[in-house]
Amino acid sequence: MILGHIGARKGSKGVPGKNFRMIHGKPLIDWSLDQLLAHPLVDAVVVSTDDPEIYDHAVAKGALKIGLRPAHLATDTAGKWGVWQHALEASEALIGPVDAFLDLDCTSPLRLPEDITAALALYNIEHPDLVMSCCEARKNPYFNLVEPDATGALHVSKPLPGGVVARQQAPIVYEHAASTYVVSPAYLKRSKGLWEGRVIPYLMPPERCVDIDTPFDFRLVEFLMQEAQND
Numbered sequence: 103m104i105l106g107h108i109g110a111r112k113g114s115k116g117v118p119g120k121n122f123r124m125i126h127g128k129p130l131i132d133w134s135l136d137q138l139l140a141h142p143l144v145d146a147v148v149v150s151t152d153d154p155e156i157y158d159h160a161v162a163k164g165a166l167k168i169g170l171r172p173a174h175l176a177t178d179t180a181g182k183w184g185v186w187q188h189a190l191e192a193s194e195a196l197i198g199p200v201d202a203f204l205d206l207d208c209t210s211p212l213r214l215p216e217d218i219t220a221a222l223a224l225y226n227i228e229h230p231d232l233v234m235s236c237c238e239a240r241k242n243p244y245f246n247l248v249e250p251d252a253t254g255a256l257h258v259s260k261p262l263p264g265g266v267v268a269r270q271q272a273p274i275v276y277e278h279a280a281s282t283y284v285v286s287p288a289y290l291k292r293s294k295g296l297w298e299g300r301v302i303p304y305l306m307p308p309e310r311c312v313d314i315d316t317p318f319d320f321r322l323v324e325f326l327m328q329e330a331q332n333d
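If you count the sequence shown from 1, position 228 lands on 330 in my numbering, and the numbers rise without skipping.
Hint data in this document are derived by calculation from the structure and do not stem from the laboratory. A hint or two may mislead.
Heads up, simulated EDC-like pairs for lysine to aspartate or glutamate below, C-alpha to C-alpha not over 20 angstroms straight-line [as the list claims (entries may be wrong)]:
(1) Lys128 - Glu324
(2) Lys112 - Asp313
(3) Lys112 - Asp178
(4) Lys112 - Asp158
(5) Lys241 - Glu324
(6) Lys167 - Glu155
Just so you know, these numbers come straight off a predicted model, no measurement behind them.
Please work from the sequences and hints to get the whole structure.
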């Protein structure tokens with residue numbers, strides 16, 4: 103049993119109402135929700151939200167009826183992990199034990215259905231605690247990420263003996279791309295956060311990892327969607 107999940111909190115300081123805001127012809131949430139509902143490997147879908155409009159919309163499309171998210175999980179400081187734990191518990195009360203918890207981030211609508219398939223396949227092959235979408239980082243802390251010291255002078259964030267003079271010499275680092283996650287339900291139940299267990303990357307191209315956090319991001323994603331439609 104694979105449970106697909108989307109978290110869609112009502113509040114957003116960067117882009118007010120972004121999760122239900124129209125983008126390229128439909129609400130932002132539907133770019134992820136429709137992928138879950140249509141995917142042949144996903145057995146049930148749940149949307150965790152504190153917004154009655156989003157909740158009713160999701161249930162009408164086929165999401166599980168778990169009720170609105172508790173108030174303590176709907177604040178600016180509420181973490182993803184607690185939301186996932188609540189959604190899993192509420193969903194299993196309706197559908198029984200789950201074998202994999204698949205989360206799609208509502209604000210990353212550029213993933214493709216094959217990304218979901220590939221992330222699930224990686225989870226089934228490697229049996230990690232968590233598969234996390236990532237992309238190769240555009241900046242590298244061993245080479246061109248810098249931070250100030252107490253005097254304000256800049257230094258490479260993670261210096262290596264002898265220094266790194268070319269990007270190709272630096273160790274590979276990835277960006278945590280908030281897009282697609284596959285989580286072991288047992289791990290989700292027993293742990294307090296993402297990093298306590300074995301977390302492995304599912305690598306995506308950076309052009310599919312744009313996360314909407316600002317009005318500029320929203321315009322950028324809409325442009326990329328329009329460009330893809332015209333190809």
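- Message: Need the list of violated hint numbers for this structure, in ascending order.
- Response: Hint check: 5 fails alone, others pass.
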